[in-house]
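Please build the complex by placing chain B on the supplied structure of chain A, with the hints as guidance.
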Amino acid sequence: MSDLNKTQRSLTFYGEGSKLFGITIINAILTVVTVGFYYPWAKVAKLHYLYSEFEFEGSRFEFHGKGKEVFKGFLKLIAFIVIFYGVLIGLPLITQNVAVIIISVLAVYTLMIFIIPLALHGSARYRLSRTSWRGIHFGYRGDRKELVTLFVKGFLLTLVTFGIYASWLSISLRKYIIGNIRFGNITFSYKGDGGEFLWLNFTNYFLSIITLGIYFPWYMKNLTNYYIENITLHQDGKKIKLKSSITGGGYFVLFLGNALIVLFTLGFGTAWATIRTLRYFASNVTVVGDLDTESIQQTEEDYKNATGDDLADFFEIDLI
Amino acid sequence: MDKIRVNYYDGKSSKGYSAELSLLDDIWVIEYLNKDSISEVVKWEIGKVESYQSSDKLIRFKYGEFPQQIIECDAATYEALSKHYPQIKIIDRNFVWILKKGPKMIVGLTLCFIGIMICIYFFVLPPVAELIAGQIPMEYEEKLGQSVYEANMEGLEKNDSLTLLINQFAKEIHFNTNYPIHITVVNVDQLNAYAIPGGEIVVYRKILQEMENEEELAALLAHEVSHVHYRHSLKSISRSLSGYIFLSFLFGDISGLTSVIVENSHSMINLNYSRSLEEEADKKGLEILEANHISQYGFVNLFERMKKEQKDEEYLKYLSSHPQLNERIVYSKGIAQQQKNLIENPALNKTWADIKRLSHSND
Chain A
1 MSDLNKTQRS LTFYGEGSKL FGITIINAIL TVVTVGFYYP WAKVAKLHYL YSEFEFEGSR
61 FEFHGKGKEV FKGFLKLIAF IVIFYGVLIG LPLITQNVAV IIISVLAVYT LMIFIIPLAL
121 HGSARYRLSR TSWRGIHFGY RGDRKELVTL FVKGFLLTLV TFGIYASWLS ISLRKYIIGN
181 IRFGNITFSY KGDGGEFLWL NFTNYFLSII TLGIYFPWYM KNLTNYYIEN ITLHQDGKKI
241 KLKSSITGGG YFVLFLGNAL IVLFTLGFGT AWATIRTLRY FASNVTVVGD LDTESIQQTE
301 EDYKNATGDD LADFFEIDLI
Chain B
1 MDKIRVNYYD GKSSKGYSAE LSLLDDIWVI EYLNKDSISE VVKWEIGKVE SYQSSDKLIR
61 FKYGEFPQQI IECDAATYEA LSKHYPQIKI IDRNFVWILK KGPKMIVGLT LCFIGIMICI
121 YFFVLPPVAE LIAGQIPMEY EEKLGQSVYE ANMEGLEKND SLTLLINQFA KEIHFNTNYP
181 IHITVVNVDQ LNAYAIPGGE IVVYRKILQE MENEEELAAL LAHEVSHVHY RHSLKSISRS
241 LSGYIFLSFL FGDISGLTSV IVENSHSMIN LNYSRSLEEE ADKKGLEILE ANHISQYGFV
301 NLFERMKKEQ KDEEYLKYLS SHPQLNERIV YSKGIAQQQK NLIENPALNK TWADIKRLSH
361 SND
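Protein chains in written order, with the numbering used here: chain A, 1 to 320; chain B, 1 to 363.
Bear in mind the hints are in silico, worked out from the structure with no lab data behind them. Check the hints yourself; a few may be wrong.
[What the hints assert, rightly or not] Below, in silico cross-link-like pairs of lysine-lysine (PhoX-like), each with a Cα-Cα straight-line distance of 20 Å or less:
| no. | chain 1 | residue 1 | chain 2 | residue 2 |
| --- | --- | --- | --- | --- |
| 1 | B | Lys3 | B | Lys104 |
| 2 | A | Lys46 | B | Lys57 |
| 3 | A | Lys145 | A | Lys66 |
| 4 | B | Lys15 | A | Lys238 |
| 5 | B | Lys206 | A | Lys19 |
| 6 | A | Lys46 | A | Lys68 |
| 7 | B | Lys57 | A | Lys19 |
| 8 | A | Lys175 | A | Lys241 |
| 9 | B | Lys158 | B | Lys206 |
| 10 | B | Lys308 | B | Lys284 |
| 11 | B | Lys48 | A | Lys66 |
| 12 | B | Lys35 | A | Lys46 |
| 13 | B | Lys284 | B | Lys171 |
| 14 | B | Lys350 | B | Lys171 |
| 15 | A | Lys238 | A | Lys191 |
| 16 | B | Lys307 | B | Lys206 |
| 17 | B | Lys100 | A | Lys19 |
| 18 | A | Lys46 | B | Lys101 |
| 19 | B | Lys104 | A | Lys19 |
| 20 | A | Lys19 | A | Lys46 |
[As the list claims (entries may be wrong)] Selected chain B positions facing chain A (Cβ under 7 Å, derived; list incomplete):
| no. | residue |
| --- | --- |
| 21 | Tyr9 |
| 22 | Gly11 |
| 23 | Lys12 |
| 24 | Ser13 |
| 25 | Ser14 |
| 26 | Lys15 |
| 27 | Pro67 |
| 28 | Ile70 |
| 29 | Ile106 |
| 30 | Leu109 |
| 31 | Thr110 |
| 32 | Phe113 |
| 33 | Ile116 |
Please read these numbers as outputs of a predicted model, since none were measured by experiment. The beta carbon of each residue, even a glycine, is placed where N, CA and C say it ideally should be.
Just chain B, with the same shape it has in the complex:
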């Protein structure tokens, strides 16, 4: 019978006893001198012994109900023990077996983790964020849009007569959306137009000056209304917000850097819609023109005008959120070629003529 010297704690006091452990087939016998130097014998049933790695060099065996008795031994002693009792397995709460495989394993796991995170960031997060954006009640969206609109209008000069006309123009078109569409024209010498959640659309005067016919304006409005209809800005904000929340959760909020970025993401004018959202807005926009019997060449012309002026830096600013212009020209042309049933709308034509005239006055 083997005898091994171990440290024994009885679970009743912190006194450690130097004990002799005798290994029998199904019990361990622990013998030690208690604090009054009287010999004590304790028996452990093998089946109830818990063992686990307490640190690199230390193995602990525990026995019984609370408060448990403890035997401590070093790793070498444990090796000897485990040969006797293959049934005793170390409870490994720290994944020591993985860590023992060395740095290669850890580097591999780290790369695996980064891989998973990248997959989540690019493939899981966007659809989830869009789903969440889709759940926001419409009234709340309109309220939010109103406050964004007011904030954006600050310092911009509104053109009341053009605003009136362009809304008359829009009334002639059935956009097939539940959102109340309201358009504002501002006197800014920039080629720009954007949609705000809830139905507000802002058009910069210069873009009206550059346009040549009512179809182009109809195309522009149909495109922007489609952004509103499909909640594209909410979806984009939800995506970028969730992205930043995800990143800040991942890396810890490093010196509030992320909060600054998150705040800036609220600025909707510089918002870049993803390519798929632009495509969706184009598709819906073309459908709107079709349903209203307005020539879909409005889109083709609008895109071609943008392309022609691409050298102009000002134009680039607006275009930066409208990538793949050539593809969009080809796509819209393909659809426009098949269009039938064009119907002239005199009211639309007249309003357009007024808009065109007014947009050049007060220059």
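For reference, chain A alone in the conformation it holds in the complex:
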């Protein structure tokens, strides 16, 4: 096939604002009417639509998640929140005991530290296992304990270094998670450096401030590109890179346009803003190298547990 000769391939996103809007409105009505219990199905319907509009090499992606699966996770999440808040916030309010208050506050923070890596782990496992292309599933092979240890250690170091280590923590999390992603027999790796990342954030943040925010889209461009371009795909010993052609000007137009759309439609235009963003991403990310799209082998097993996916959504943690 001619596939082998192609060295630059890009994603295409075919989503349309009006369709996403239709789905969103139906989701919103059903979610409200069911006092929120439809939410898992709403989320699945939206993801299902968005995934199916991404095309690579003539084939669409697919999201396999089911409302019922996410609903189970959703129930667990609700139970968790009720117990968490009930015990750790209700108890000190009722007893008014200083010792109980101190212990509860400490417990809240400690638990929060553990929730973040657990949510990252769970959502990566669920979301990736439910994503496929040409029937080949993605997967996440990370170990929960390892990720929690990595995160807790990093968090403590961040505290001790007054936040400076956050840069290294962010990069090492990315390395760990991306390093454990599988797409069939394709593996991934991330090559970033905490120091480099810190310098990038520091200089760009500074520039954003002295330009009164005008530089901000360029800051975001540098950040996104640092995330994307440091990812490498490994297929049968070959290295395949991701390239980004996102520009500061492009982001500027995207952000400004989205803000105006959302503002002037009182939020009803959010669907169009989402579509614009996804289209911009898809059209600016290219796979560079000898990727053989015909020989990716299925390697992942079936996986069912959606708690993490909802938790990530709840805390608004984004995974690239």
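Just chain B, lined up with the frame of chain A:
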């Protein structure tokens, strides 16, 4: 037997095969050349075939356990297929059938959604918010009230002697509430009085200067105590807060606009009680006067004084939270006319005389 050309994926690798699909009564036969160019035949039982619309132009059929095999075909091919097999229904997770009905349907649904939201905002949210406000423990309410009181007192000049007298005055009245009532008079040249959750009531001196008898003051205090007793400010705050939370949830937090509004809603002085809350406070206030054998004409006089001075802009400020003055005059008059058993309270009278005298001194 029909044969259709389709794309086939075996679920083991990403290689797509151009396959020939033969449609038998209860099985599909898929024939293709594998990667070593050897002919392969796969059979699907019709009953286990899943199908769904993957995009506008693409239909996917899936078969078997994980990892599933896939057949892809275009919509036209699907039409032909579905004639053969009416039992195969497209799993439509995206409500495509609704979206296909066109823009009218979507506009209709949007209006329906807006309608539901408006109903919730006006009819469901307020009673729920009041219910929540009713659940807040009294001690917590008093603590909250204390901090609000302290914040509101900042920069205001407290009139200690009038404060002492007015609390003596209030002690003579049985308000029939569990809240510890404490009144503060401040030297402000404005017609104003307000209640803070937990039992603090602030009265501006000018309103005392304008009043002509003890019944009016008793009516004013009974009204404000009723706001405290029924937790009207907590209920109002809970209503406006829940309203803003609801709106910000609905529209997304547009540039922190909502948080600014939410913060401002904490300012309790400018709080507007809803008409029903004012009515409730009037009703309870009239009951308090009845139980204390104080003339309920205090209310009538108070309202009439407000009405007379309505032209005065200062008065309007206080009145803006007291709508439908005429209705309230008629209502309170109707009740006051039936009142019996008025008993003079010498202690009340004396304290009132002291208040009146003191309110005009240091002018």
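Each hint, compared with the structure:
1. Proposed proximity of Lys3/B and Lys104/B is contradicted: the alpha carbons are some 40 Å apart, above 20 Å.
2. With a C-alpha separation of about 19 Å, the suggested pair Lys46/A and Lys57/B falls inside the 20 Å cut-off, and the hint holds.
3. At most 20 Å may separate the alpha-carbon atoms for a hinted pair to count; Lys145/A and Lys66/A exceed this at roughly 27 Å.
4. Note on Lys15/B and Lys238/A: the hinted pairing holds, with a Cα-Cα distance of about 18 Å set against a maximum of 20 Å.
5. Proximity of Lys206/B to Lys19/A is assessed by CA-CA distance (about 62 Å); at most 20 Å being required, the pair is judged violated.
6. Distance check on the hinted pair: Lys46/A and Lys68/A sit about 15 Å apart at the alpha-carbon level, within 20 Å; holds.
7. Between Lys57/B and Lys19/A the alpha-carbon distance is near 15 Å, which keeps this suggested pair within the 20 Å criterion.
8. Using a Cα cut-off of 20 Å, the hinted pair Lys175/A and Lys241/A holds, with the two alpha carbons roughly 15 Å apart.
9. Pair hint Lys158/B plus Lys206/B holds up; C-alpha atoms about 13 Å apart against a cutoff of 20 Å.
10. A hinted pair counts as satisfied when its Cα atoms are at most 20 Å apart, and Lys308/B with Lys284/B does not qualify at roughly 24 Å.
11. Proximity of Lys48/B to Lys66/A is assessed by CA-CA distance (about 18 Å); at most 20 Å being required, the pair is judged to hold.
12. For the given pair, Lys35/B sits about 36 Å from Lys46/A by alpha-carbon distance, which is inconsistent with the 20 Å threshold.
13. Taken as a hint, the Lys284/B and Lys171/B pair is honoured in the structure, with Cα atoms around 18 Å apart against an allowance of 20 Å.
14. Under the criterion of a C-alpha separation no larger than 20 Å, the hint pairing Lys350/B with Lys171/B is consistent with the structure, at around 13 Å.
15. Note on Lys238/A and Lys191/A: the hinted pairing holds, with a Cα-Cα distance of about 16 Å set against a maximum of 20 Å.
16. For the hint pairing Lys307/B with Lys206/B, the CA-to-CA distance comes to about 16 Å; that is within 20 Å, so the pair holds.
17. In summary, the hint linking Lys100/B to Lys19/A is supported, as the alpha carbons are separated by about 9 Å, within the 20 Å threshold.
18. With a CA separation close to 19 Å, the supplied pair Lys46/A and Lys101/B stays within the 20 Å bound.
19. A threshold of 20 Å between alpha carbons decides the hint, and for Lys104/B with Lys19/A the separation of about 13 Å falls inside it, so the pair holds.
20. Pair hint Lys19/A plus Lys46/A holds up; C-alpha atoms about 10 Å apart against a cutoff of 20 Å.
21. Checking Tyr9/B against chain A by beta carbon gives a least distance of about 4 Å; that is within 7 Å, so the hint holds.
22. Interface hint status for Gly11/B: upheld, as the beta-carbon distance to the closest one in chain A is roughly 5 Å, under 7 Å.
23. Taking 7 Å as the C-beta cut-off, the interface hint given for Lys12/B holds, the closest approach to chain A being about 5 Å.
24. Hint on Ser13/B holds. Least Cβ distance to chain A is approximately 5 Å, under the 7 Å limit.
25. With a cut of 7 Å, the hint placing Ser14/B at the interface with chain A holds, because the nearest CB-to-CB distance is about 4 Å.
26. With 7 Å as the threshold, the beta carbon of Lys15/B comes within range of chain A, its nearest partner Cβ sitting at about 5 Å, so the hint holds.
27. For Pro67/B, the shortest C-beta to C-beta distance to chain A is roughly 5 Å, which falls under 7 Å, so the interface hint holds.
28. With 7 Å as the threshold, the beta carbon of Ile70/B comes within range of chain A, its nearest partner Cβ sitting at about 5 Å, so the hint holds.
29. Residue-level restraint check for Ile106/B holds (minimum Cβ-Cβ distance to chain A is 5 Å; threshold 7 Å).
30. Below 7 Å, beta-carbon pairs count as interface contacts, and Leu109/B has one with chain A at about 5 Å; its hint therefore holds.
31. With a least beta-carbon distance of about 5 Å to chain A, the hint placing Thr110/B at the interface is held under the 7 Å criterion.
32. Here the hint on Phe113/B is kept, as its CB sits about 5 Å from the closest CB of chain A, short of 7 Å.
33. Nearest Cβ of chain A to the Cβ of Ile116/B: about 6 Å, under the 7 Å cut. The hint holds.
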